[in-house]
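Enquirer: Listed below, chain by chain, are the residues.
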Amino acid sequence: MSEIESSPDGAKGAVNRRRILWAAGLGAGLAGVGAGRVRAAEPDPNIVPVPEWSKTLGAGVNANPYGKPSPFEKDVVRREVTWLTASSESSVSFTPLYALDGPITPNGLCFVRHHGGEAVIPPDKYRLMIHGMVDKPLVFTLEDVKRMPGRVNRAYFLECAANSGMEWRGAQLNGCQFTHGMIHNVYYTGVPLRSFLEAAGVKPKGKWVLAEGADAAGMTRSIPLEKAMDDCLVAFGMNGEALRPEQGYPVRLVVPGWEGNMWVKWLRRIKVGDEPWGQREETSKYTDLLANGEARRHTFVMDAKSVVTNPSPQAPLLHKGPNVLSGIAWSGRGTIKRVDVSLDGGRNWTTARIEGPATPMAMTRFYLDFDWNGQELMVQSRAMDDTGYVQPTKAALRKIRGVNSIYHNNGIQTWLVRGNGETENVEVG
Amino acid sequence: MSKSAEALFLALALAATAPVMAGAAWAASDAPKVATAPQAAPAQPPASLPVPKVTELGRPALKEEIAAWNIDVRPDGEGLPEGHGSVSDGEQLFLDNCATCHGEFGEGAGRWPVLAGGRGTLKSERPEKTIGSYWPYASTVFDYVHRAMPFGNAQSLTPDQTYAIVAYLLNLNDIVPADFVLSRENFPKVALPNNPNFFDDDRTTSEKEFWNANPCMKDCSGPMKVTARAAILDVTPDEGKDAPKGNLE
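Here the protein sequences line up with chains A and B, keeping their order.
Each residue of the first sequence is one higher than the one before, starting from 1 at the first, in this note's numbering.
Each residue of the second sequence is one higher than the one before, starting from 1001 at the first, in this note's numbering.
For the record, the hints were derived by calculation from the structure and aren't laboratory data.
Glycine included, each C-beta is placed from N, C-alpha and C at the ideal position.
A few of these clues could be false.
To be verified - Examples of chain A residues lying across from chain B (beta carbon under 7 Å, computed):
| no. | residue |
| --- | --- |
| 1 | Thr56 |
| 2 | Leu57 |
| 3 | Val77 |
| 4 | Arg78 |
| 5 | Val139 |
| 6 | Asn174 |
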């Protein structure tokens, strides 16, 4: 503990207190520093005597009818950055990426972004309307949606276009939860949007669809008909259960690989038209202002991106010797093909091990097993997808886009790991 | 444990290890068969999804139902309701319904959004994106104010009230004069100054350099140094700290 507290370079106390809090949660500081196996001088009190839990009966099978994480994991929660917005009904709480593993995000930890708070819709009152340039405008109940043929299960990442948006002007937030935590990856159960559009019969002039939510923000986005007919889903399940209320219960739109704002929650209406609707979320917001004052619009696709989740500021290194570097990579253009990791700020790279499924437009887990001798590290990861796109450096991105774009910051992240294991969000050059 | 319960247990255990059930019937008595017919889990198929048959599910939407939900307004004016409203009526409505958050002149109270001003700031270090400085379409103001504002009382404004408030917001942004009356008829003539500065996503050409089959792996640069640190700003959430004004959109 004391080693972490006496951080070099006069890092501010607040950061240290927080770091200690997180490190303490993991059980130890950089205690057993030193190479090689540690020999025990005395029997481990966790072995001798035999622990209490091995002797007495525990709780019954249904003590917790809807299971919760272990109480020892109570700090693994979504967190809000309250200064970002004026009200928590239009705000975001971030996925604790530093504490998660594998490719799938647990439902209760999926980041939440609302623009008008969480709508509560009783399932029997849910309605989905399809109209506009169609032959037969239709209304569906939730039961109808669930009776549609062609139900599918697909894992997709959902990333807010503003993920890492606070980092355009420089390193700002200490923790991948805050720099990269506007992403989650779950298994959706739903029906292709195409089925609904075909049931209504899209007129030949139809080129766009407007997706609208039933929440108090009336969230709307224009989506090209081609995408709507390709792989969008009308989803009612996530990771095997009903959508969580904060994810749009009972029905949300899934728009694979495209910015999260388009995945309209509490989906109530699909309108077919021949032009985009120029809605607030595709004009005032979710357009990318460049340095010359011009702005890109309809930047729907999320480019390839990755981040090392361990080590990271909330998950410092605690031991010398063998360590597992872990991270996530994703691309809205296709499948993650390769992830390289650098420990020296991008000078030299080693290809990481992709572990578990690597499927189109889904989050992919990677690992690099490494030995740490206590030297300072500048940890980076670089994702590549099957279109040949390589995650750019922040400098390369800024050269083209400037620093005012807010959205689509997919630049390479650097974590500085100090000799005492403490880890900080930095930029290198 | 009873015999049949045991069999069920076995079936469950086997099912858990068999990668995928091929949709076969697997009665408990049939359990061993399930285990001998495992199928490889199919890789997640590519983007294109299977096409189910058009069905008889859903029912025709009534005219009144469509009218109740069909609230979107397009840049060409499609979707605008009948009605009109003046800048001066809009001023009063804005003071009553909007100014607590957005300020009397749309300047934004505290951290609530700014709605006016900001012209000429888009190339600056701190761009201020407002209706007058950034938004491409006046229709968006009408659509959004009616659909989502006032925050917490959405879809409560009548068409005339919405026209009046939009007229006031356009006036605050120096787009229409103080005696202007906005209506469905003259709406398409209202142009916002920043409209020409938007262009469609061009990343596949303007950022072509990011497609690179062979990125550098060794000695890609000289020794790297830390050039910026988050700890200096120290805005990560933590108890008892002053926070800066946010830039999340």
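Enquirer: Now look at each hint and say whether the structure bears it out.
Expert: The hints, checked one at a time:
Annotation: A/Thr56 was flagged as interfacial toward chain B, and the flag is violated, the nearest CB pair being 25 Å apart, outside 7 Å. Because the smallest distance between the Cβ of A/Leu57 and any Cβ of chain B comes to about 20 Å, over 7 Å, the interface hint for this residue is violated. Of the supplied interface hints, the one on A/Val77 is violated, with its beta-carbon coming no nearer than about 12 Å to a beta-carbon of chain B, more than 7 Å. For A/Arg78, the shortest C-beta to C-beta distance to chain B is roughly 11 Å, which exceeds 7 Å, and the interface hint is violated.
With a cut of 7 Å, the hint placing A/Val139 at the interface with chain B holds, because the nearest CB-to-CB distance is about 5 Å. With 7 Å as the threshold, the beta carbon of A/Asn174 comes within range of chain B, its nearest partner Cβ sitting at about 4 Å, so the hint holds.
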